[in-house]
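**Q** The task is simple: from the sequences and hints, build the whole structure.
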Amino acid sequence: MLAVLPAIGEGFYFRDRVSWQSPIPASELVTVDQAKAWGDGVIWVDARPDDEFASDHVPGAFSLNEDHWGELLAQFLPNWSPEKKVVVYCSAESCNAARDVAKRLRDDAQIQNVFVLNGGWEEWMKKNR
Amino acid sequence: MKVVWRVLDLIVGGIFIYAGAIKALDPVQFGFDIDNYKSLPWFISVRLAFFLPWLEILCGLALIFRFLYRGGLSILTTLVLVFIGATIVAKARGLDITCGCFGHASEHWSFVQHTAIDLAILLALAALLWIELIRGAHHDQKN
Numbered sequence: 001m002l003a004v005l006p007a008i009g010e011g012f013y014f015r016d017r018v019s020w021q022s023p024i025p026a027s028e029l030v031t032v033d034q035a036k037a038w039g040d041g042v043i044w045v046d047a048r049p050d051d052e053f054a055s056d057h058v059p060g061a062f063s064l065n066e067d068h069w070g071e072l073l074a075q076f077l078p079n080w081s082p083e084k085k086v087v088v089y090c091s092a093e094s095c096n097a098a099r100d101v102a103k104r105l106r107d108d109a110q111i112q113n114v115f116v117l118n119g120g121w122e123e124w125m126k127k128n129r
Numbered sequence: 001m002k003v004v005w006r007v008l009d010l011i012v013g014g015i016f017i018y019a020g021a022i023k024a025l026d027p028v029q030f031g032f033d034i035d036n037y038k039s040l041p042w043f044i045s046v047r048l049a050f051f052l053p054w055l056e057i058l059c060g061l062a063l064i065f066r067f068l069y070r071g072g073l074s075i076l077t078t079l080v081l082v083f084i085g086a087t088i089v090a091k092a093r094g095l096d097i098t099c100g101c102f103g104h105a106s107e108h109w110s111f112v113q114h115t116a117i118d119l120a121i122l123l124a125l126a127a128l129l130w131i132e133l134i135r136g137a138h139h140d141q142k143n
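Going down the list, the protein sequences come from chains A and B. Numbered as in this note's numbering, the first sequence ends at 129 without a single skipped number. Numbered as in this note's numbering, the second sequence ends at 143 without a single skipped number.
Calculated from the structure, these hints are not laboratory results. Take these hints with a grain of salt, some might be off.
[To be verified] Below are the DSSO-like pairs computed for lysine-lysine, each with C-alpha atoms no more than 30 Å apart in a straight line: (1) B:Lys38 - A:Lys126; (2) A:Lys103 - B:Lys142; (3) A:Lys103 - B:Lys38; (4) A:Lys127 - B:Lys142.
Since this is a predicted model, take the numbers as computed values, not measurements.
**A** In structure tokens form, the structure reads like this:
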């Protein structure tokens with residue numbers, strides 16, 4: 001019971017930085033149609049493993065996964081500019097890689113305007129077949 | 001021999017204080033780590049992510065200061081058992097999980113590495129619990 005008190009205090013402190021109902025807040029999710037409507041203002045980031053990226057990916061997407069974070073981030077950053085929106089995707093809605101990469105882009109690389117593609121690569125393929 | 005057990009108290013308590021503190025600093029990431037096990041809905045994972053680190057810290061302090069000692073030991077033993085079980089189940093389901101138990105430090109641990117570390121901690125906790133029960137029995141006999 002003693003642990004509940006600091007937990008509540010911390011929950012209050014983090015109240016604006018955590019989504020209590022879903023792992024990704026609605027404001028950080030974007031649909032394929034919305035992202036496509038942003039046109040050239042989008043940088044696509046593929047958070048899937050290297051082999052899946054190599055087999056196919058969203059045209060123009062950069063590979064950025066946690067297996068080679070430092071190396072891939074160094075390749076990505078020169079292509080990023082603050083006015084662009086970054087859309088990260090992984091395999092499907094159930095995968096966590098896009099969420100984790102989006103968080104690291106915000107926390108480690110201090111990049112704002114980072115979104116997660118709802119439904120991931122699976123959804124992209126459905127809309128672009 | 002008493003000194004050996006006391007040192008073990010301090011080591012195990014210290015490990016849990018460190019593990020709890022590192023997760024309490026980034027509860028959102030810990031929530032993601034729990035969610036990766038795909039065993040609980042998010043609204044429970046995120047609440048556990050705020051609660052468990054503090055539970056570990058307080059139980060670690062209980063071991064160090066020998067205050068509410070048996071309770072602390074029992075809770076930590078249960079936590080480690082649940083965690084080992086969840087890890088094995090996740091592995092059997094083919095999930096590629098990050099342990100998350102020691103924050104970024106444990107990010108690249110393999111399944112074998114973090115199971116070995118958990119088992120070592122479980123062994124230490126079981127030894128402390130066992131010696132505490134023996135001491136309790138001796139104390140009862142004296143009275």
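**Q** Which of the stated hints cannot be reconciled with the structure, identified by number in ascending sequence?
**A** 2, 4
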